[in-house]
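Peer 1: Okay, here's what each chain looks like letter by letter:
There are 2 protein chains.
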Amino acid sequence: MTKWVSSFGDGKAEGTASMKATLGGKGANLAEMSNLGLPVPPGFTITTDVCTYFYAHDNSYPPELTAMVEEALGKMEAQTSMGFGSAEKPLLVSVRSGAPISMPGMMDTVLNLGLNDETVEGLARASGDPRFAYDSYRRFIQMYGDVVMEVKHYSFEEALEDLKREKGARFDTELDAEALKELVKTYKAIVRQEASRDFPQDPKEQLWGAIGAVFGSWMSARAITYRRINSISAEMGTAVTVQAMVFGNMGDDCATGVAFTRNPSTGEKLYYGEYLINAQGEDVVAGIRTPQALSKAMAEAGESDPAESMEVKLPGTYKELTDVFDKLEAHYREMQDIEFTVQQGKLYVLQTRTGKRTAAAALKIAVDLAAEKVITQDEAVGRVEPASLDQLLHPTLDPKAERKIIAKGLPASPGAVSGKVVFNAEDAEAKAAAGEAVILVRIETSPDDIHGMHAAKGIVTQRGGMTSHAAVVARGMGKACVCGAGELSISYRDKTFTSQGVTVKEGEEITIDGGAGLVMAGRVPTVDPQLSGDFATLMEWADKLRRLKVRTNADTPTDARTAIKFGAEGIGLCRTEHMFFQDERILAMREMILAQDVEGRRKALAKILPMQKGDFVQLFEIMGPRPVTIRLLDPPLHEFLPHEPHEMDEVAKAAGVEPKTVRRRVAELKEANPMLGLRGCRLGILYPEISEMQARAIFEAVVETAAKVGTAPIPEVMVPLVAMAKEFELIKARIDAVAREVMAESGKQIEYQVGTMIELPRAALRADEIALEASFFSFGSNDLTQMTLGLSRDDAGKFLEPYQKAGIFEHDPFQSIDQSGVGELIQIGAERGRKVRPDIKLGICGEHGGDPASIAFCEKVGLDYVSCSPYRVPIARLAAAQAMLRQKSAN
Amino acid sequence: MTKWVSSFGDGKAEGTASMKATLGGKGANLAEMSNLGLPVPPGFTITTDVCTYFYAHDNSYPPELTAMVEEALGKMEAQTSMGFGSAEKPLLVSVRSGAPISMPGMMDTVLNLGLNDETVEGLARASGDPRFAYDSYRRFIQMYGDVVMEVKHYSFEEALEDLKREKGARFDTELDAEALKELVKTYKAIVRQEASRDFPQDPKEQLWGAIGAVFGSWMSARAITYRRINSISAEMGTAVTVQAMVFGNMGDDCATGVAFTRNPSTGEKLYYGEYLINAQGEDVVAGIRTPQALSKAMAEAGESDPAESMEVKLPGTYKELTDVFDKLEAHYREMQDIEFTVQQGKLYVLQTRTGKRTAAAALKIAVDLAAEKVITQDEAVGRVEPASLDQLLHPTLDPKAERKIIAKGLPASPGAVSGKVVFNAEDAEAKAAAGEAVILVRIETSPDDIHGMHAAKGIVTQRGGMTSHAAVVARGMGKACVCGAGELSISYRDKTFTSQGVTVKEGEEITIDGGAGLVMAGRVPTVDPQLSGDFATLMEWADKLRRLKVRTNADTPTDARTAIKFGAEGIGLCRTEHMFFQDERILAMREMILAQDVEGRRKALAKILPMQKGDFVQLFEIMGPRPVTIRLLDPPLHEFLPHEPHEMDEVAKAAGVEPKTVRRRVAELKEANPMLGLRGCRLGILYPEISEMQARAIFEAVVETAAKVGTAPIPEVMVPLVAMAKEFELIKARIDAVAREVMAESGKQIEYQVGTMIELPRAALRADEIALEASFFSFGSNDLTQMTLGLSRDDAGKFLEPYQKAGIFEHDPFQSIDQSGVGELIQIGAERGRKVRPDIKLGICGEHGGDPASIAFCEKVGLDYVSCSPYRVPIARLAAAQAMLRQKSAN
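Residue numbers (full-length UniProt numbering), protein chains in the order written: chain A, 1 to 891; chain B, 1 to 891.
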């Protein structure tokens, strides 16, 4: 019989940490901690298989589940010597979700389950604290009502506020047992009113209601969005963990907190966390009361009061806790994120998991753990998410720049960004979609804000600590975030905030520094990132591991210099057309396009030749001995002509032709589907003089550079959009002829290669024929994706999102390669090319060259290099190393 | 050692008819005829391998060729008892080209080679006819000067005319020996003047000059054009045949002629041909003198004088000749095209080859030969070029229509067409490119006119017979042609012709009936073709042979009825969008597109539903038990909206919305590359209500048709532009849901299939995933070609021609499938689809479905059916049968 339930507690467990797939992360770690002998309240986990069963069987459970849950409950009762539903010693439980991959804040949790009008009295007697009992009961009704019975949570909040006003209480803690008893009655009335039924008194009914709500929430809109953003499959399902409650809110010898074994923001080795005396866990995470630091050191760094730290307030428990930290980090060989509760002086560990961290912290922790010999260098390389490096490679505030600080908060997630202020997730999404950089300013954030946080460049909250929702999510997303900026007075209605006497309206620009916790007015200049020692160390380890070379897509000296700084090993794609768009050049280009015959075109091209040659000399000098792949002109000619009537008249004037000539030519060149039109090598077939000019510029630049610096660069001339081998042959013949001419003229030998883009499905299929003449292939994965999927990148915007929502695309295929479609063509192209020319050089130069999943694919297919934008070079280096690690561990 | 030369003559030969690849068609048949013991003048053939060698070695010959030619010449001298260059008994030769595939009129020929100032006297003595000798010499200088020495032929013609004027002669034959001797001097002076060197006197020098000219002409612009139009590879090269001259111009017991063993225009079993007494072969083909009929019967039918027929004039030789005809037709088992010469009463056969014929003739000859048991029924099916059937399927003149005949000529190539008159090839090409139907009117045509003839719908000439250049080429191309319409007075300068008092200007419309030899003023109505008994017979034989089913692409009742008449076995593609463009419907369609929400769209779609259902009922009734594949809406929505401002205003008014709403929607829907945009199944994913309406229309039509006619049609619902299996799954789920609804509402079971187009490379690659749910695939080869080659059909026009000229495309890939690119994807799609679903139905529905080469490919890949336009259905039936024949003979 399938085992649907797995128990833990009392120093042993039926599961282990390796069973995340069935127990979820939370359940597996609770089992593991039980096995480690850590103080874990007993409980059991309903497996993810039940979730799968639930959705496959019309929201029903396996028939044998009830009995299994009963049995597990029985064990809990035995271990705690309490009874579920007992009026004397009532066992209360928490019910939590736990997916195999952590989805913080996305799933619903119910605490204090098991309380009813009878057991609350039992709890009052057992704890000797009626106030605590009724506070727990009212919290339970509120949470259960919200999560399970769909009663709007503000109904409860309003009733609480009304009562506080009536009683003259500032804080919840000032309400006494009687007042809370009254509140419970009010809450039950609210439930009856809004849910049209009574609040359930039967603890078993409560339990099954909560279990159903957890499974139900797996398909909530929030969960689906989170999974989509994070590319998590819905297949895996969630587990449900039921655990005996312990209470951090039974008095001042009680506390609750969350902690990291190292600083998740910087990676510093430092016990890091927050706690609240006399509180339940939700109070810390929800950010409603601002918690205190765990350690004195952290309090001092974070500007909170060291005297209030746990290290000072509960020194014995603190020591016990840090021992648990050390034990867990050593056991998991990884920085941990831990939840704990202290009930009447006794420590309970409620959860441990790999702690989320910023890229900088990930880097430092990985390098430190390797230095501490806890992990190997290879493991360290595998520990840093390549895409997260992006956070480290972008500018920080210029230290010399003037800045007007208007608020200070917690440095919740690093990065310096400027953007226009928005006050809700919808506006953030809308403006970001319109191409604007926005900063989302909220009192606090909730899971409902996820899509807005995703769209924003940065996040500011008025309330909440370093482990508040906003902080955790922002770090996960790599967004700059300032939390708990209490000075802010935010009006959602007016769409303004005021701080230090300055009022900022929606749409006005601010700058935030998430590494320093600063909010500044206006735009503050930034400077290039300082790539730290840890960065260099990890990159060095990665470079030792990887086989794939990493080149860059660069058209300008600036790009080329940046890329070299980031470790690029060559240029994989230099788009020559970008050079034609510059002011002086576009005139000659237009003259060429407007010319009536080949002589006219040659005349215009002769003007472009020296400029283009100059560009190449510059690039060759910067790149030194590194290979430079230069693609011949690719876009359709109409891209160089204006389309507005008055612009056409200007061009006519400048070119000295009739306006109607320009109009006629624009009309002639107009295309129904330019992507599939007269572009790429087709231009070179129809107008060979263009290819000839470009080849001459390249070869003359080689000779000139060689004369200047002593050694000759070896250019790789790349022919775009080849469909037929013959196209390539014809253009290669022209290039070779020009090379011979330049060699004859200069008296110098020129080494060079001629290769092609493989960016049409046909080229991939007939790579064998093309490879007969081509020295290298560069897979143009952007166009290959467009053609293979019949999807224009310019037009797909309208349906990419609905397509991702409908589960048709798991990823945006322009971001991460469609491995089973486009990928197969790349594989076919690589195999057939190599069959004919075993030493053919193979690379990729689309957007995908900087995407870790796509790089892993390139490693699998055995390409020689990837080429990506300069800022993605380090990401590609790390991803290439990780791909190699995965290959190794697969073998 | 390679044998570069192959001799023949005297009842034996080194080659046979099977050696066309090396000897060319002419050389192989001369060898074969020699072996058959027919009276063939001796000679030798220089093989096509020499041509290949020539172009591979910088226009030079294999070193051993000279000796081999000498040896072969020696044999000729021995057999004829004459000497090449001998002043006593001079051997004269012809030098002709002969490619493996006949290329009439495209290659150059030199006759009378070996004459010089000495041998001419020898010829005069040997023949006893100095006039004949000098006439031969002057013809030789003229031909050699033109073809080998590049002297303009009109220089010679002017000199001849001058001389005739001077001597008061009307015809060439009125010039005597002395006059011709004088002309020879003038000709030699012209050569010296224009070629800057003397006319060569050395016969060997003459010979090598002529051989070089033949090889050189293989790469002439005319030859290249002919090969391009006829899809002939340049690789095969041409052979050169050198043969002893015989003379049809040595007196009135001499003659020359060309003949067909059956009527090449109708296929009737009748000795058919033309001859001229006292003439050389060129005189017949060039159409300068109008020749006489071979037989009395033919003369009577063709309105020439029976008394002048060869049957009457040279009865003995005629009998000998018809024996040769019978022998050759029996030997080759095919209608032959024969050239012959009678020299002083002795018959010589100079050439035989398979005769070109009209489609009607091909059909009749094939069926007749099978009836005569000369060939089998299968062979008969293989004898008719499928594409040529097109000629038979198009309208002929309405017999009841009024017509104003303005000229009569020879019925050179059948077909009734109307078009605007043009007077040269360039104008024909330009106007045809602009979409106009044109009729090319010429005094006579030459190989330089080929491209214009290709562009024209029909051809009229003033001069020339049934075997003139115009007639032969027009029949080959399947163009209507009227030849030798002597009444026409044509002015190229004024671009007019006058006939029977009517003057027709360029651009005015005429109608010609090439089957009756009529030229008519204006446009004359036509009627549908009568599909003859032979047609039906051959189709029946073809249908017995073929495995591939043939369906049609039909959107309208008219299309469907035509297709059934032509033998379509179902509809392979019904494009539903064509139904949306009709007047009343486009309003509802636009209302749908302009709607703000799904409710608005549903409202508009509800208006379209009954109309669309009505269409389907009509189609189902016409198609009866035949399958009908209905494709869901495919084009992007902007195709339904107007693009001119005033049209948008009208639409706004009609739809009752603000003009700006229409403009905004038009702008929203605008796409950079509509081919790769929001179309096909993407519409159904974003607007499921469209698919639902269409599915409902289909299923309700099934129920309605079943109620009307008693049996229910089984529709095949086709989802277009699928890239991802999930897209298909989602839309299929909607279709299935609608089917269940309609079944519930009507209380009837509905049988149906849901399948998909495979028209994106990704769909072909992932056909396995798609086949899990799809009952059939239809390869959309148009879009698959566009995507695979990255080539927009709308935009490719600009470079398709240069691409074909440059040898990049052998065929237009939109006409005939790119087998090694697009074809491989079809093969992959078919294999992977079948692997998952062995009984999946596979078809093709692009333009290629009616192209014989593509159909052969579909047979090879094992598709179940092809679908093509109604008029191509018979072509597809025949092509499918021939593909099967080829498969059989390959096994």
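Simulated from the structure, these hints should not be mistaken for laboratory data.
All figures in this text were calculated on a predicted structure; none of them were measured in a lab.
Watch out, some of these pointers could steer you wrong.
The calculated lysine-lysine pairs, modelled on BS3-like cross-linking and capped at a C-alpha distance of 27 Å, are [to be verified]:
hint	chain 1	residue 1	chain 2	residue 2
1	A	LYS726	A	LYS798
2	A	LYS805	B	LYS732
3	B	LYS798	A	LYS670
4	B	LYS603	A	LYS798
5	A	LYS670	B	LYS805
6	A	LYS798	B	LYS670
7	A	LYS732	B	LYS798
8	A	LYS269	A	LYS373
9	A	LYS798	B	LYS732
10	A	LYS408	A	LYS457
11	B	LYS660	A	LYS798
12	B	LYS670	A	LYS670
13	A	LYS431	B	LYS670
14	B	LYS670	A	LYS726
15	B	LYS798	A	LYS726
16	B	LYS670	A	LYS805
Peer 1: Run every hint past the structure and note whether it holds.
Peer 2: Hint by hint, here is what the structure shows:
{"no.": "1", "hint": "A:LYS726 - A:LYS798", "in the structure": "violated, 37 Å"}
{"no.": "2", "hint": "A:LYS805 - B:LYS732", "in the structure": "holds, 18 Å"}
{"no.": "3", "hint": "B:LYS798 - A:LYS670", "in the structure": "holds, 11 Å"}
{"no.": "4", "hint": "B:LYS603 - A:LYS798", "in the structure": "holds, 23 Å"}
{"no.": "5", "hint": "A:LYS670 - B:LYS805", "in the structure": "holds, 24 Å"}
{"no.": "6", "hint": "A:LYS798 - B:LYS670", "in the structure": "holds, 11 Å"}
{"no.": "7", "hint": "A:LYS732 - B:LYS798", "in the structure": "holds, 22 Å"}
{"no.": "8", "hint": "A:LYS269 - A:LYS373", "in the structure": "holds, 15 Å"}
{"no.": "9", "hint": "A:LYS798 - B:LYS732", "in the structure": "holds, 22 Å"}
{"no.": "10", "hint": "A:LYS408 - A:LYS457", "in the structure": "holds, 18 Å"}
{"no.": "11", "hint": "B:LYS660 - A:LYS798", "in the structure": "holds, 21 Å"}
{"no.": "12", "hint": "B:LYS670 - A:LYS670", "in the structure": "holds, 15 Å"}
{"no.": "13", "hint": "A:LYS431 - B:LYS670", "in the structure": "holds, 21 Å"}
{"no.": "14", "hint": "B:LYS670 - A:LYS726", "in the structure": "violated, 35 Å"}
{"no.": "15", "hint": "B:LYS798 - A:LYS726", "in the structure": "holds, 18 Å"}
{"no.": "16", "hint": "B:LYS670 - A:LYS805", "in the structure": "holds, 24 Å"}
Figure legend: structure checked against the earlier numbered hints; hints not met, in rising order: 1, 14.
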